[in-house]
Each structure stands twice: as structure tokens, then as C-alpha cells.
Amino acid sequence: MALIELQDVSKLYGFGDATTLALDEVTLTIEKGEFIAVMGPSGSGKSTLLNMIGLLDRPSHGQYHLEGKPVARLKPNVAAKIRRDKIGFIFQSYNLLPRLTALENVALPLGYKGVSLTKRLKMASQMLDRVGVQNREYYLPSQLSGGQAQCVTIARALVNNPRLIIADEPTGNLDSNSSRLVMELLSDIHKMGNTIIFVTHNPELTRFATRVIYMHDGSIIHDEKTAVGRVASTARKVLYTVPATSEEDDLAGVSVLMKALPDKPSAPPDTAAKPKTRRGRTARRKRGGKS
Amino acid sequence: MIFSRGHLKAGFDSVRNAKLRSFWTMLGIIIGVAAVITVIGIGDGVKQQVAGQIHHLGNNFITIRPESLQTGSNVGNQAGLFSGLSVSGPMTVNDIATVATTHGVSQSAPLTLTPGTVRGPDGVYTHGSVIGTTPDLPSLINQSLANGNFFSSQNYGDNVAVLGQNTAQKLFKNTLPLGHSFTFHGQTFIVVGIFNQFTTTPLSGQVDFNNAIFIPNSVAENLTHNTAPTYEMFVRTALPSQTAAVSSQIRQRLNAEHGGQSGIAVLVGNQNIVANDNILSLLTTLVAGVAAISLLVGGIGIMNVMMVSVAERTHEIGIRKAVGATEMQILGQFMLEATMLSLSGGVLGIILAYIIDGVLHVTTNLQPVISWKVVVGVALVTFLIGLIFGTIPALKAARRNPIDALRTE
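So the sequences go chain by chain: A and B.
With my numbering applied, the first sequence corresponds to residues 27 to 317, in that order.
With my numbering applied, the second sequence corresponds to residues -1 to 407, in that order.
The shape of chain A in the complex, shown without the other chains:
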């Protein structure tokens, strides 16, 4: 039994002429223990997909089974309890409560579960120790560095021992050192058997993943298994390509990834067909855009 089964899941926002299709009949199966990176340009539906999987949002159409149980049409309170017991969230902007200390923030989900105050503070302390920021227990979020804050968020996500961890650009606000720290932490958690889904714009981070999903305009356009430690092949094309976007592309919001995709129908054929790389193999080719 797969952990997550999405079947023709769509999500529409707005109504009438202003309707936006955020997810377009996405079908996706995620097995227990997978470490999935979701990539794609802004507005491609990555966050909507994660919110849907995390039961923060309901699909407009389609079926969603979590551990074999249908969860697409749950009442808000039932969804809240599943979020509390089975899903841990890590956000790009940490989303820690500013007036609570690191320890209290981590203890928050336990409080909603009804764990006694002393017990939950003890559990939170252990969790902070596990993510390596125990010496920051009594700091307020504003007194923590980005990396530390994200570690606290991870501790909060883990404190209820969830089956599934959902991370929406966990390294988006972090420098490369902190990013590596956070990803290594997630990797450790993955090794312990947790299922992790994370969104990233950094192809380098696909090294940590076992599977990479590429999204565009609300659809999954590419889905590949990858070995841990290797940058996913599609992402590699982006990574080892000198920035290939032109000024016009920037203005239009076209991302490098879109251009790099091999079977991307809407990408201009010249840039997609002739990606420039730093390697000699392609360096010999005539350069198309700016260098």
C-alpha cells in the first residue's frame, strides 16, 4: 500500500473568468520511505501540491488516499488531527510563533495533542538536541540565525513522530552552509524511515533525493528516480548550464529549468536543443545567448 495516492487531483482557485487552474489532474503515488524533490518554476503548482498532500488544502476534484484512507473530503477538524499526528511541516519562512521560545514552539504540536506541559517540554528539548540546537532552547525566534530557526522548525515537524514530512523550500532563505546542514538533517531523518517531500529551486539539492518530480503549469511533466548522492539527470542539465535565460526571459519569468527540459514543448527550440555547459563537450558549440 502506497503512503500517498493522488488520482486526477485538480485544484481551481477563483471563479468565472478569473479561475486559475493550480493543479491539473495530477496523478501521483508516493511509497513509504521516499525522499522526493519537487522542482518547477514559480506558479507551477508545487506549493499547491504540497498543501494538498499535507491536508492544508482540499482538492477541487479527484481522489487522495493517505495510507489507504480517502482524505480528499475531510472535515477541517479531522484534517487538523491528521496533520497533528501524521504530518510535519517545514516552511521556507520557518513560521515559528515569534512570542514563544524555541522550546515552546517545538512543544506546540504536542500541546494540541494533549501531552502534559512538563512531558512535552522534555520531549521538545530532546528533539532540539537531536537537531543540534539544544543550546538555543530559550531563545526567541528573532534571536536565532536562519539555519538555527529552520532546525527548530524541523524539530517541531518531527516532535510528533510523523510518517510524512513536507518541506516547502526549506533552504530558500538560507546560505549554502546552512542549506547543507538542513539538508543533511533531512537526510538523516529520511534514513530513519520517514517519507519526505520537499520543494527546491536548487538542482544541487536533488543529490539528497531518491526521486525528483518536475512540475509546470499544474502538471507533473517529468518524474525520475535518482540515486542518492547524484544530481538528478534533468536537474544536472540546469546545474551545469551557464545561465541561459535572456533578458526577455527574465522579464517574462521564464526559468532556466523550463528551458532545460528535454521534452518541454513551449521552450524555444534553440536554447533547449543547445544547452551551453561549462564542459568541453558543449563549449565547442557556438554560443547562443549571453555568456
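Honestly, the hints are just simulated from the structure, not real lab data.
Since this is a predicted model, take the numbers as computed values, not measurements.
It is possible that part of the hints are untrue.
Unchecked claim - Residues from chain A that face chain B, not an exhaustive set, calculated with beta carbons under 10 Å:
hint, residue
1, 82
2, 107
3, 111
4, 114
5, 134
Unchecked claim - To spell it out: a stretch of chain B is covered by chain A in this simulated footprint if at least three of its residues, at any positions, have a beta carbon under 8 Å from a beta carbon of chain A; those stretches are:
hint, stretch
6, 318 to 329
7, 394 to 404
The C-beta atom is built at its ideal place from N, Cα and C for all residues, glycine as well.
Add chain B to chain A, keeping to what the hints say.
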């Protein structure tokens, strides 16, 4: 579990973190609570003073007064025109004699309003009334004299007068009026005594004894040809155990004299309080009701601030929901916060009421009494106000969609 210790802390934090705003919000509640407690306290204080006075007078004390009495200037005219006919007019000379001669009565003093103009050395005295009474009055109401003596049985028929404190000052300015004279109905009256200040005069009706001039009742009746209205009569029995018997005796004799319906009330001890109590309770309830409206307004203020708080903390609500807070838990958090706001206001209001109480004790002769029942009741009401007015904002918070809430910053 709606209220957990986590909620409690969150509520405290939130109130503490917006101290100034919380204070302004609570102000309505503070004023309302202080007003309600003070008003009820003053009412209770007056009641206790009256009760104390009655107790002071003893339980062998009887008050006799017409059941309904027309007051003002036409009292005298009415008495003159319908003397003996009017059912509920003032008591007549005969009534006074009847009461005084009833078996078991040891002391009696009528209070007879004597119309007429008082001329002192500095002109006409207009501040108080002239009251005809008997030598028994000071001992009946346990009132001592500051100077001189009250008229006794020896000089009862003479033109003598005893003044209240204020009268002495106003009629004779700076001189001590003992032995001085004033003119009343063309006759000269010699001042023989001055009363000490009457602290409370619960039995004196509309007449302020401090502004009154007391003359012998026989003189008063002579001057007015028995038309001066007696609006009240104090009686003391020889033994406390006789009080009930004597009072019914007086009632019967008065009724017999008036052909069955005397229209005169004979009141024993705390019956006096009951009469006073009804009016006082009504008044207290009325003013406390007005003060309670300010509590209501305070509650609405709390609702508004909670609305703003919910709007400001939408993101926080989103985070809490994302990590698994149910609607009931969010509801509980905000309800608790509103309740804490109003309850804090209530506590501050109670403190303020005690301060006002202290100030009133020192600066006025009011003696407000704050009973713990009122304090607990008001605290309970503020708690309920928080609960009731916190519901709408809390529901609004609880029903936020987590995704939308997370998106707001």
C-alpha cells in the same frame, strides 16, 4: 479540553504584550465595575447606618406617623380646614394626647411643624422649620446638647427654644445664642440650649434637625390654635417586652378615636428600616443599572479589540492550525484571552472601587459598605462578559482556513 495551560500562557502573553491597548480596552470594564460596586456599597452603607440608628434607639422604640402626609406649605391649611375629618391628615392634638396616655408609654415626643416667620437679630431665618415637641425628645433619640439644657417640665409652657447646630450659627452668626432671643408669631423666645450635630436623622423625615428650632409643643399649639400639623411622634415603652403590646394598644385607641380608620401608622423598630429600604433599594438598583450599562459597553469594547487581535494574528492562527490545532482549540485560546481581558478589568475595577470607598470614608460622611457577595458577583459578571463578547471574534479565528491564514503576513 478547551482550556489548557498552554492556552493560559498564550492568553497572558498576548494581554501582556499589548499592555497599553489592553488597558484602554479594560477601561470600560474597570469604570463599570467600580461604579456598580461603589453605588451598591453606598446604598448598603446607608442601610447599615439606618439599621445602626434603629439599633441605637433600642427595641422599645415606636414611631407613629400618618400613612400619607401632604408636605409643604399647604399642610397647615389642610390641617386647619379638615381637622378631624381628613383620614390621612396629620395627627391632631387629641391623637398626641391619646398616644401619650396609653398604658405602657414611658416617654413620648411629637414633632409638630409650626408655620410662622422667625426673626432673629440679623433678619428672617429661612433655612429650617420650627418644631413643637416635648421635653422627652433628647432622651428619646439619644441626642446630647452642646450648650445649655433642653426645656424641661418646669419651663415647658414658657417661650423657650432649643436650636440645631446650623440654626445656631445662621441665626446668631458668631455669638453663642444662649440667653439670646428671636421673635416668632410676635412673641419673644429665649434660647436655652443648642443641640450637638445630628449625625444621621433617619427618623426625622424631610426635616433636618440640624437646621430646626425646637419649641415646647404646648406653646406651638397655642400659637397656631391647635392647627399645627404633627407629622411624626416618637414613643418609648417602659419595657422592651411590652413594645408589641403597647404599639397595638396605641393603634387600637387611635382607630377607635377616628371611627375605625385612623390612617396613622404605628411602626416598631425595624419596620422603619423596611420603609426606608424599599426606596433606597429602588434607587440603588436604578443607579447600579445605569452603571451596568457601562459594563456592557466595556464588553463591546473587548469584542472590538479581539476582532482586531484576530485579524492581526491571522498568520499565527495559520501556523497553529498547520501544526494540528483544531477549531475548538483555537476557539478556546481566543475565548480565554477575551475572558482574561475582561476579568483583569474586573479585578482592577474592584481595586478602584476599594480606593473610591476609602476616599468616600475620609472625605464625606457616607460610609459605603462593600460586601464580598457584590465583589464576587461582579467578578462573575465580568467573566461572563468576556465569555459572551469573546465568542464572536474567537469563532472568526477558529474558522480561518489554514492556507489563507498562512499566506497572510
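Status of the hints after comparison with the structure:
Contact between residue 82 of chain A and chain B, as hinted, is supported at the beta carbon level, the nearest pair being about 5 Å apart and thus within 10 Å. The beta carbon of residue 107 of chain A is positioned within 10 Å of a beta carbon in chain B (closest approach about 7 Å), and the interface hint is therefore held. Annotation: interface hint on residue 111 of chain A holds; nearest CB of chain B at approximately 7 Å, less than 10 Å. Evaluation of the residue 114 of chain A hint against chain B yields a held restraint, the C-beta minimum of about 9 Å falling below 10 Å.
For residue 134 of chain A, the suggested interface contact is upheld, since its CB lies about 6 Å from the closest CB of chain B, less than 10 Å. By the rule of at least three residues with a Cβ nearer than 8 Å to a Cβ of chain A, the coverage given for the stretch 318 to 329 of chain B holds, with 10 such residues. For the stretch 394 to 404 of chain B, the assignment as covered by chain A holds, since 3 residues bring a beta-carbon within under 8 Å of that chain's beta-carbons and 3 suffice.
Figure legend: structure checked against the earlier numbered hints; every hint is met.
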